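**Q** Protein chains in written order, with this note's numbering: chain A, 1 to 329; chain B, 1 to 334.
Please note that the accuracy of each hint is not assured.
[Stated by the list, open to error] Computed footprint of chain B on chain A; a stretch qualifies when at least three of its residues, placed anywhere within it, have a C-beta under 8 Å from a C-beta of chain B:
#1 211-222
#2 242-250
#3 260-266
#4 310-316
[To be verified] Capping the alpha-carbon separation at 30 Å, the derived lysine-lysine pairs in DSBU-like fashion look like this:
#5 B:K280 to B:K103
#6 B:K103 to B:K27
#7 B:K16 to B:K50
#8 B:K40 to A:K267
#9 B:K50 to A:K267
#10 A:K147 to B:K287
Hints in this document: simulated from the structure, not taken from any laboratory.
These numbers come from a predicted model, not from an experiment.
Think of the CB as a built atom: it goes at the ideal place given N, C-alpha and C, for glycine as much as any other residue.
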Amino acid sequence: MTEALLTVENLHTQFRTEGGVVQAVDDVSFNIQAGETFALVGESGCGKSVTALSIMGLIPNPPGEITSGSIEFDGVDLLQVSSTEMRSIRGSKIGMIFQEPMSSLNPVLTIESQLAEPLKIHIGLSSAAANDRAQELIDMVGIPDSKTRLKQYPHELSGGQRQRIMIAMAMACTPRLLIADEATTALDVTIQAQILDLMQEVTEKSGAALLIITHNLGIVARYADRVAVMYAGKLREVGDASDIYAASQHPYTVGLLRSVPRLDSEKGTPLSPIGGEIPDLTNLPGGCAFNPRCQWAVDRCSIEEPELIEIAQGKQVACFEHASVSLSV
Amino acid sequence: MSYSPAATDNSVPILKVRELKVHFPVKRGLIFQRTVGVVKAVDGVDIEIKHGETLGLVGESGSGKTTLGRAVLRLNDTSGGSISYSGQDVLALRGGEMRRLRKNIGMVFQDPYGSLNPRMTVGNIVAEPMLVHKIFDNKLAIRNRVMELFDTVGLNRSMASRYPHEFSGGQRQRVGIARALASGPNILICDEPVSALDVSIQAQIISLFDRLKLEQQLTYLFIAHDLSVVRHVSDVVAVMYLGKIVEQGNADDIYRSPQHPYTQALLSAVPIPDPAVERKRSRTVLKGDIPSPLNPPSGCVFSPRCPIAEDRCFVEAPMSRTLSDGRRAACHKV
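Okay, chain A solo, but in the shape it has when bound (with noise of 0.2 Å):
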């Protein structure tokens, strides 16, 4: 294998919550290879999203905090570098695309000048480089008539042009690593596919690792070329995504599979929806948190917790039962 881009190592990252203390990231650890695909996927409240907050160094403290691991990225532990120093890192090595580009962009200020800013701050150039550069950006990512928009404001584009303009502005410093997290769920699907065809032609040009967080096992079937499922804050199995859709071994990703309805099934083919709820983190089951939920469960399960383990070359499970778990029983 080679050198990984960014690695994270047991990382712990909790929130202070009128319920108690919430650990919504629970000793996480994976890495990205440079260049590749790589995507976290699980549904609301899994800790995906916070675990990305965590590499940015966005978790706002307080409430929340990291309390101990490390995220290594380029050979920069990313949790011992100052606030300076993680604030040129974000803006020029690692991008960031969030769901709600309205959100993420400045309503008062023009598309050009939000995108020129990040190229005067981090790489120095003149107003007029910066904005010659701007233009270029805003013709990579395929927004049309490029110097009318230029000039105008968020509110004047469309949901799909402005994630565009999110796309160019994280591409703007050419980082080693763009995360988009949820960043085409508001979308329409044919605008959805736009945007990742996107954000995948872009990342392929600059030789960038990108780091889908999505709760739709489609777009990581379509897009990514490892996978690692995330539940309650712990992930529960990593791999490559053609071996987990194939032969996935945990019963958390076995019952996504099988519930997600698909384009391509014949009609009347039964769902089988995982039973249950999604556990409240601030009262999570013992052992093992997906137990109450799983149909592998054995007695131990609601005792301990399983260890995520190397199973076989670059597949890693936390299942007692992994050697009995298949997607055709």
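Mind docking chain B on chain A? Use the hints.
**A** Structure of chain B alone, referenced to chain A:
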């Protein structure tokens, strides 16, 4: 199985919408307002649903699918066309007649948070339609029926005296479904009923709809933007784009071989959760945005984004035609 809106076989449509138009005036001005434009949210739509059938109405935002669903219940004013339920002219109904219609057509909304009164217990929320429609004359009977409905939708009976905020999204949607069933409807209009829910919970609710359809012979108008969900639930599919239905027909036919270029692009945009399948798929990615309904394109509404549009598509709007397999499509090139 072929689908034809004009078929006169033994299954008569329970709901029939003809040439329906819902236009909203756009007004400007502070006190003395003038109409500056009109949004044709629904513009000449024909659909019909047979008893026990599920019609999946799909489309992206602004396509008019929600407005169409609401118009059937007269929650919007209509600007033209007709709606008939079991042979009754829905648009001519007044007062008590209208209430009776709403007893027969239930509605499940998207937002399980916004559609339940936070100050009522869920038991009372489910009981309310029975009071409104005077279905029982004593409280005990209503109470028992609420309990039955709780069982039907998979809610614990002991939860009846709790308030909506104590429930998760999936449970709230179950409450919404129980309420919709309370008046004993024949038709359920479901407007994006699962799109606010997590994947594992979504499957639970879809399975509940599947079961209700079998057990209670319900007819559904199922409105959603998620084409995979619609694939799962629908017998018949209608695809909407900017206020018009561009293609409709048997669900199997449409999913297997979409004819309208918009349907083709829409289906190919949806990722299939299987990398092996995804790698082999050829896809058409549409260019451009969905135009504003305030200022729709001339000619065919899809023409600016259509990969196969020719000159006349930009000038002349295509009529909906019935194809050989019984489906209908509105495209010059089909």
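**Q** Now tell me if each hint is right for this structure.
**A** Hint check results:
1. 211-222: Holds, because 8 residues of the segment 211-222 of chain A bring their Cβ atoms closer than 8 Å to Cβ atoms of chain B.
2. 242-250: The restraint on the segment 242-250 of chain A holds, since 3 of its residues have a Cβ under 8 Å from chain B and three suffice.
3. 260-266: holds (count 6)
4. 310-316: violated (count 0)
5. B:K280 to B:K103: It is violated: about 48 Å lies between the C-alpha atoms, which goes past 30 Å.
6. B:K103 to B:K27: Not satisfied, since the Cα-Cα distance of roughly 34 Å exceeds 30 Å.
7. B:K16 to B:K50: holds (9 Å)
8. B:K40 to A:K267: Measuring from Cα to Cα gives roughly 33 Å; hence the hint is violated.
9. B:K50 to A:K267: holds (18 Å)
10. A:K147 to B:K287: holds (19 Å)
Of the numbered hints given earlier, the model fails hints 4, 5, 6, 8; all others are met.
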